[in-house]
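Student: Numbering-wise (the numbering used here), the sequence shown opens with residue 38 and increments by one.
For the record, the hints were derived by calculation from the structure and aren't laboratory data. A few of these clues could be false.
To be verified - Computed Cβ-Cβ distance ranges for the label pairs, DEER-style:
{"#": "1", "residue 1": "76", "residue 2": "56", "range": "51 to 57 Å"}
{"#": "2", "residue 1": "80", "residue 2": "51", "range": "23 to 29 Å"}
{"#": "3", "residue 1": "64", "residue 2": "86", "range": "41 to 47 Å"}
{"#": "4", "residue 1": "80", "residue 2": "53", "range": "19 to 25 Å"}
{"#": "5", "residue 1": "54", "residue 2": "90", "range": "30 to 36 Å"}
{"#": "6", "residue 1": "97", "residue 2": "71", "range": "37 to 43 Å"}
{"#": "7", "residue 1": "72", "residue 2": "107", "range": "55 to 61 Å"}
{"#": "8", "residue 1": "69", "residue 2": "105", "range": "54 to 60 Å"}
{"#": "9", "residue 1": "103", "residue 2": "78", "range": "34 to 40 Å"}
{"#": "10", "residue 1": "49", "residue 2": "71", "range": "48 to 54 Å"}
{"#": "11", "residue 1": "95", "residue 2": "50", "range": "40 to 46 Å"}
{"#": "12", "residue 1": "51", "residue 2": "81", "range": "45 to 51 Å"}
{"#": "13", "residue 1": "63", "residue 2": "101", "range": "30 to 36 Å"}
To be verified - Result set (DSSO-like, lysine-lysine): computed pairs, CA atoms no more than 27 Å apart in a straight line:
{"#": "14", "residue 1": "80", "residue 2": "55"}
{"#": "15", "residue 1": "63", "residue 2": "79"}
{"#": "16", "residue 1": "79", "residue 2": "64"}
{"#": "17", "residue 1": "63", "residue 2": "75"}
{"#": "18", "residue 1": "86", "residue 2": "63"}
{"#": "19", "residue 1": "75", "residue 2": "55"}
{"#": "20", "residue 1": "75", "residue 2": "64"}
{"#": "21", "residue 1": "86", "residue 2": "55"}
{"#": "22", "residue 1": "80", "residue 2": "59"}
{"#": "23", "residue 1": "79", "residue 2": "59"}
{"#": "24", "residue 1": "64", "residue 2": "80"}
{"#": "25", "residue 1": "86", "residue 2": "75"}
{"#": "26", "residue 1": "59", "residue 2": "75"}
Cβ coordinates follow ideal geometry from the N, Cα and C atoms, glycine included.
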Amino acid sequence: MGRKDASTSRTPVDQYRKQIGKQDYKKTRPMLRATRLKAEAKKTALGIKVEISLTAQTTFVFMLFLFPIDVLCEY
């Protein structure tokens, strides 16, 4: 009985983390390395997307100043 009560005091998050830890423990070293590299690639991909977005926005604003559109001008 005491053991059963002790296991229910864990939060679901802790139980999930323990389960994931057991799964990772079963993986081989190359699989763990591949998982780590995949996670790092996701982190850097977000930075690259932000950098490209900011560059595009800056270029757009620069082009607006370089080639202004005269709305009031009649053609």
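Student: Could you run down the list of hints and mark each one as holding or not?
Tutor: Okay, the hints, checked on the actual structure:
About 19 Å separates the C-beta atoms of residue 76 and residue 56, a value inconsistent with the hinted range of 51 to 57 Å. Between residue 80 and residue 51 the beta carbons are some 25 Å apart, a value that agrees with the proposed interval 23 to 29 Å. Roughly 29 Å separates the CB atoms of residue 64 and residue 86, a value that falls outside the hinted 41 to 47 Å. The hinted window of 19 to 25 Å between residue 80 and residue 53 holds, with their beta carbons roughly 22 Å apart.
With their beta carbons about 34 Å apart, residue 54 and residue 90 fall inside the hinted range of 30 to 36 Å. Take residue 97 and residue 71: their Cβ atoms lie about 39 Å apart, and the range 37 to 43 Å holds. For residue 72 and residue 107, the Cβ-Cβ distance of about 56 Å falls inside the hinted range of 55 to 61 Å, so the restraint holds. A C-beta distance of roughly 56 Å is found between residue 69 and residue 105, which places it inside the suggested range of 54 to 60 Å.
For the pair residue 103 and residue 78, the beta carbons lie near 36 Å from each other, so the given range of 34 to 40 Å is met. Here the CB-CB span from residue 49 to residue 71 is close to 28 Å, at odds with the stated 48 to 54 Å. At roughly 42 Å, the beta carbons of residue 95 and residue 50 sit within the given window of 40 to 46 Å. Here the CB-CB span from residue 51 to residue 81 is close to 30 Å, at odds with the stated 45 to 51 Å.
Checked against the given bound of 30 to 36 Å, the beta carbons of residue 63 and residue 101, roughly 57 Å apart, lie outside it. A C-alpha spacing of about 24 Å is found between residue 80 and residue 55, which places the hinted pair at or below 27 Å, so the restraint holds. A C-alpha spacing of about 24 Å is found between residue 63 and residue 79, which places the hinted pair at or below 27 Å, so the restraint holds. Simply put, residue 79 and residue 64 have alpha-carbon atoms about 21 Å apart, close enough for the 27 Å limit, and the pair holds.
Note on residue 63 and residue 75: the hinted pairing holds, with a Cα-Cα distance of about 18 Å set against a maximum of 27 Å. Distance check on the hinted pair: residue 86 and residue 63 sit about 34 Å apart at the alpha-carbon level, beyond 27 Å; violated. Restraint check: the Cα-Cα separation between residue 75 and residue 55 comes to about 22 Å, which is no more than 27 Å; the hinted pair holds. Distance check on the hinted pair: residue 75 and residue 64 sit about 15 Å apart at the alpha-carbon level, within 27 Å; holds.
Distance restraint check for residue 86 and residue 55: the Cα-Cα separation of roughly 34 Å exceeds the 27 Å cut-off, and the hinted pair is therefore not satisfied. Taking the CA atoms of residue 80 and residue 59, the gap is about 25 Å. The hint holds against a cut of 27 Å. Between residue 79 and residue 59 the CA atoms are separated by roughly 24 Å; this keeps the pair inside 27 Å, and the hint holds. Straight-line distance between C-alpha atoms of residue 64 and residue 80 comes to about 22 Å, which keeps the hinted pair within the 27 Å bound.
Our distance criterion of 27 Å between C-alpha atoms is met by residue 86 and residue 75, whose separation comes to about 17 Å. Straight-line distance between C-alpha atoms of residue 59 and residue 75 comes to about 20 Å, which keeps the hinted pair within the 27 Å bound.
Checked against the numbered hints above, the structure violates hints 1, 3, 10, 12, 13, 18 and 21; every other hint is satisfied.
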